[in-house]
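Enquirer: Protein sequences, first through last, are from chains A and B.
Going by our numbering, the first residue of the first sequence is number 1, and it counts up by one from there.
Going by our numbering, the first residue of the second sequence is number 224, and it counts up by one from there.
Hints are supplied without guarantee of correctness; some may be wrong.
Stated by the list, open to error - Derived DMTMM-like pairs: lysine to aspartate or glutamate, alpha-carbon spacing no greater than 20 Å straight-line:
| id | chain 1 | residue 1 | chain 2 | residue 2 |
| --- | --- | --- | --- | --- |
| 1 | B | 547 | B | 536 |
| 2 | B | 268 | A | 174 |
| 3 | A | 157 | B | 670 |
Hints were generated in silico from the structure; no laboratory data involved.
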Amino acid sequence: MPGRLTVQRPSPTTVSFTVSNTPRRSKSPAKILFGFQILLRAFLFCCVIVVGIARLRRQFFAEGKLIIIPWQDVWSSPLGLHVCGLVDAYNPWVITVLCALVVYGVFRRSYTEESLLVIRGFGIQTSTSSSTYLSTAATRFIPTTQIQDIVIHEAFKGFEVRFYLAVIVEGEPDVLVVFPVSCPSTSIRSALTWILIQQLLPKREILEEVWRGSRRCLYDAKS
Amino acid sequence: MPYNIAMVSDFFFPQSGGIESHIYQLSSKLIDRGHKVIIITHAYKGRTGVRYLTNGLKIYHVPFFVIYRETTFPTVFSFFPIFRNIVIREQIEIVHGHASLSSFCGEAILHARTMGLRTVFTDHSLFGFADAASILTNKLLKFTLSDVDHAICVSHTCKENTVLRASLDPLMVSVIPNAVVAENFRPLSYTPSPFDQIPTSPLRTHGYPGHPLGTDLLIAAIPRILALNPNTRFIIAGSGPKAIDLEQMLERNVLQDKVEMLGSVRHEEVRDVMVRGHIYLHPSLTEAFGTVIVEAASCGLYVVCTRVGGIPEVLPQHMTTFAKPEEDDLVVATSKAIAALRSNKVRTDRFHDQVKMMYSWRDVAERTERVYQGITGEISSEEFYGYYPGQGWEASGDRVRSFALIDRLKRYYGCGVWAGKLFCLCVVIDFLIYVFLEMWFPRANIDIARSWPKKQPAEKSRPPTSARSIR
Numbered sequence: 001m002p003g004r005l006t007v008q009r010p011s012p013t014t015v016s017f018t019v020s021n022t023p024r025r026s027k028s029p030a031k032i033l034f035g036f037q038i039l040l041r042a043f044l045f046c047c048v049i050v051v052g053i054a055r056l057r058r059q060f061f062a063e064g065k066l067i068i069i070p071w072q073d074v075w076s077s078p079l080g081l082h083v084c085g086l087v088d089a090y091n092p093w094v095i096t097v098l099c100a101l102v103v104y105g106v107f108r109r110s111y112t113e114e115s116l117l118v119i120r121g122f123g124i125q126t127s128t129s130s131s132t133y134l135s136t137a138a139t140r141f142i143p144t145t146q147i148q149d150i151v152i153h154e155a156f157k158g159f160e161v162r163f164y165l166a167v168i169v170e171g172e173p174d175v176l177v178v179f180p181v182s183c184p185s186t187s188i189r190s191a192l193t194w195i196l197i198q199q200l201l202p203k204r205e206i207l208e209e210v211w212r213g214s215r216r217c218l219y220d221a222k223s
Numbered sequence: 224m225p226y227n228i229a230m231v232s233d234f235f236f237p238q239s240g241g242i243e244s245h246i247y248q249l250s251s252k253l254i255d256r257g258h259k260v261i262i263i264t265h266a267y268k269g270r271t272g273v274r275y276l277t278n279g280l281k282i283y284h285v286p287f288f289v290i291y292r293e294t295t296f297p298t299v300f301s302f303f304p305i306f307r308n309i310v311i312r313e314q315i316e317i318v319h320g321h322a323s324l325s326s327f328c329g330e331a332i333l334h335a336r337t338m339g340l341r342t343v344f345t346d347h348s349l350f351g352f353a354d355a356a357s358i359l360t361n362k363l364l365k366f367t368l369s370d371v372d373h374a375i376c377v378s379h380t381c382k383e384n385t386v387l388r389a390s391l392d393p394l395m396v397s398v399i400p401n402a403v404v405a406e407n408f409r410p411l412s413y414t415p416s417p418f419d420q421i422p423t424s425p426l427r428t429h430g431y432p433g434h435p436l437g438t439d440l441l442i443a444a445i446p447r448i449l450a451l452n453p454n455t456r457f458i459i460a461g462s463g464p465k466a467i468d469l470e471q472m473l474e475r476n477v478l479q480d481k482v483e484m485l486g487s488v489r490h491e492e493v494r495d496v497m498v499r500g501h502i503y504l505h506p507s508l509t510e511a512f513g514t515v516i517v518e519a520a521s522c523g524l525y526v527v528c529t530r531v532g533g534i535p536e537v538l539p540q541h542m543t544t545f546a547k548p549e550e551d552d553l554v555v556a557t558s559k560a561i562a563a564l565r566s567n568k569v570r571t572d573r574f575h576d577q578v579k580m581m582y583s584w585r586d587v588a589e590r591t592e593r594v595y596q597g598i599t600g601e602i603s604s605e606e607f608y609g610y611y612p613g614q615g616w617e618a619s620g621d622r623v624r625s626f627a628l629i630d631r632l633k634r635y636y637g638c639g640v641w642a643g644k645l646f647c648l649c650v651v652i653d654f655l656i657y658v659f660l661e662m663w664f665p666r667a668n669i670d671i672a673r674s675w676p677k678k679q680p681a682e683k684s685r686p687p688t689s690a691r692s693i694r
């Protein structure tokens with residue numbers, strides 16, 4: 001699924017374009033699926049914590065210092081015994097790596113959201129959502145005085161020629177690409193393509209709309 | 224009927240030369256005639272990405288590995304994904320390759336045929352048949368041209384050469400010469416001068432590897448010409464590996480005051496160098512067309528050249544003196560030319576207008592357009608190739624090339640005992656890659672690029688019956 005564009009105009013001199021590839025969750029099965037996904041993430045995170053505690057039970061929890069939970073009872077229960085057996089059977093490094101991977105998967109964002117905020121007489125701000133839920137979005141602000149132009153151009157990207165929207169910033173050798181990432185969706189083929197190309201830029205129609213809108217907001221005095 | 228045409232070649236600006244300016248001039252004149260033209264070449268240093276030139280001519284500088292003298296590494300298949308992307312996003316109908324040594328061109332023709340597009344190939348140079356390098360090149364050319372829809376050569380000699388090298392049906396090869404922009408090569412108003420000056424550019428700034436140019440001939444001939452005609456001066460433009468030999472010759476014979484060496488000259492300054500002289504000496508050993516001779520004649524210079532390759536076809540008799548490509552004859556011919564010029568037998572002041580009448584890029588574009596119409600079936604094959612009933616011509620009449628894989632394989636199989644099988648294998652792999660690319664990068668995901676706005680919007684309304692409906 002390619003990126004979707006949402007335009008917000010809170011005031012006549014401000015416009016915000018957001019490209020994201022979140023699937024539309026308008027129907028109830030999609031909503032249920034989304035809720036299930038959150039539950040699954042929470043469950044996986046709990047599993048990682050339990051495995052971690054089980055691994056470290058001899059070092060920290062053996063003497064019963066943390067007495068909120070009766071740890072000895074937990075380890076002696078059938079499930080606890082099973083977990084302990086599993087943890088002791090494998091190399092601690094394997095467990096560490098696996099836990100790290102699962103934690104990464106739990107906090108990984110399944111979509112990317114990129115936005116361009118244009119405020120007349122003030123400047124523009126681009127932002128790209130980070131790949132995990134733990135860190136914040138990367139933003140960049142450019143004041144109006146530094147914006148030389150906003151252009152759409154083409155470039156070679158992997159095995160393709162793609163359109164991109166770029167801001168030419170005064171005093172910088174490179175242009176600033178506005179929507180650098182918009183990774184596609186969930187289907188297996190696109191996921192593989194994504195690995196191949198790493199980044200997909202949005203379609204030309206979306207770029208043209210953003211280009212017109214932002215130029216109108218920045219330079220056209222009437223609207 | 225406007226077409227969307229892609230010109231593919233390894234050689235394009237910023238490098239300068241005959242092929243490069245041919246592609247540029249032809250493309251801009253085709254755009255003037257209402258077609259859409261893009262150029263696909265490899266990335267040069269400092270010239271990468273997608274660019275536009277005057278008139279909305281779009282250039283794709285594809286990043287690619289360059290091995291030797293701006294020729295890309297011949298990898299048969301690796302150009303396909305990006306080529307397919309460009310062709311789809313620009314909605315190309317005809318792929319026109321240039322220069323037989325360009326691996327981009329060969330690959331593009333193969334892939335274009337796989338994708339079901341019409342292809343044209345223009346050959347700009349002559350090759351031998353004897354040495355190993357030529358045999359290899361000729362085999363590659365045969366591979367490229369086995370399945371091409373039509374070939375264009377710049378002179379009749381070049382056509383003969385190409386037909387022999389690639390075993391083509393001669394009717395599938397057209398001759399369309401180069402042209403010059405006569406406005407850029409105007410003569411100075413004639414002023415009598417005590418000396419005859421001979422500018423000559425035997426050393427090219429670049430050329431094909433192993434392209435034999437007659438610098439040795441020039442090195443041998445200059446002292447003798449100067450001995451016979453003491454009032455003569457030489458101006459030599461260009462640089463190359465033989466420049467040192469030439470300088471050694473000058474020092475040995477103490478001719479520095481009579482021969483001026485300019486080094487390499489930018490293309491736009493060539494005219495300023497040429498108009499300083501009266502005779503243009505062109506001691507080339509092989510030449511498919513020799514645009515520089517036409518430029519010299521356009522500048523109002525009398526031309527002395529060797530009778531090799533396509534040179535005798537280029538200019539009418541009264542503008543040139545021909546020599547055999549050997550030292551003695553070159554000296555005799557040059558002396559004859561100097562004598563003729565001294566006795567005012569040659570009206571060099573009329574050359575410019577005559578050349579202007581003979582060569583123009585508009586004419587070249589018109590003739591190329593007719594080739595496009597012929598291969599897309601807009602003019603019938605009888606009209607395009609001529610119709611010879613009862614002469615056995617039509618027996619070999621698979622001139623309108625079908626896109627069916629089995630027909631293409633038949634054409635490639637005839638290329639040689641081993642080569643035929645190898646070529647068939649390449650074509651089959653190419654086809655499989657195409658099928659794979661269609662699944663992996665579906666057509667629907669590729670953005671269609673906007674065309675450059677045309678000058679006459681009336682021409683934009685083209686009926687949907689184009690090449691595709693005839694296929």
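Enquirer: Determine for every hint whether it applies to the structure shown.
Expert: Right, here's what the structure says about each hint:
Between residue 547 of chain B and residue 536 of chain B, the direct Cα distance comes to roughly 15 Å. Compliance with the 20 Å bound is thereby established for this hinted pair. For the hint pairing residue 268 of chain B with residue 174 of chain A, the CA-to-CA distance comes to about 17 Å; that is within 20 Å, so the pair holds. Taken as a hint, the residue 157 of chain A and residue 670 of chain B pair is honoured in the structure, with Cα atoms around 13 Å apart against an allowance of 20 Å.
Comparing the model with each numbered hint stated earlier shows that all of them hold.
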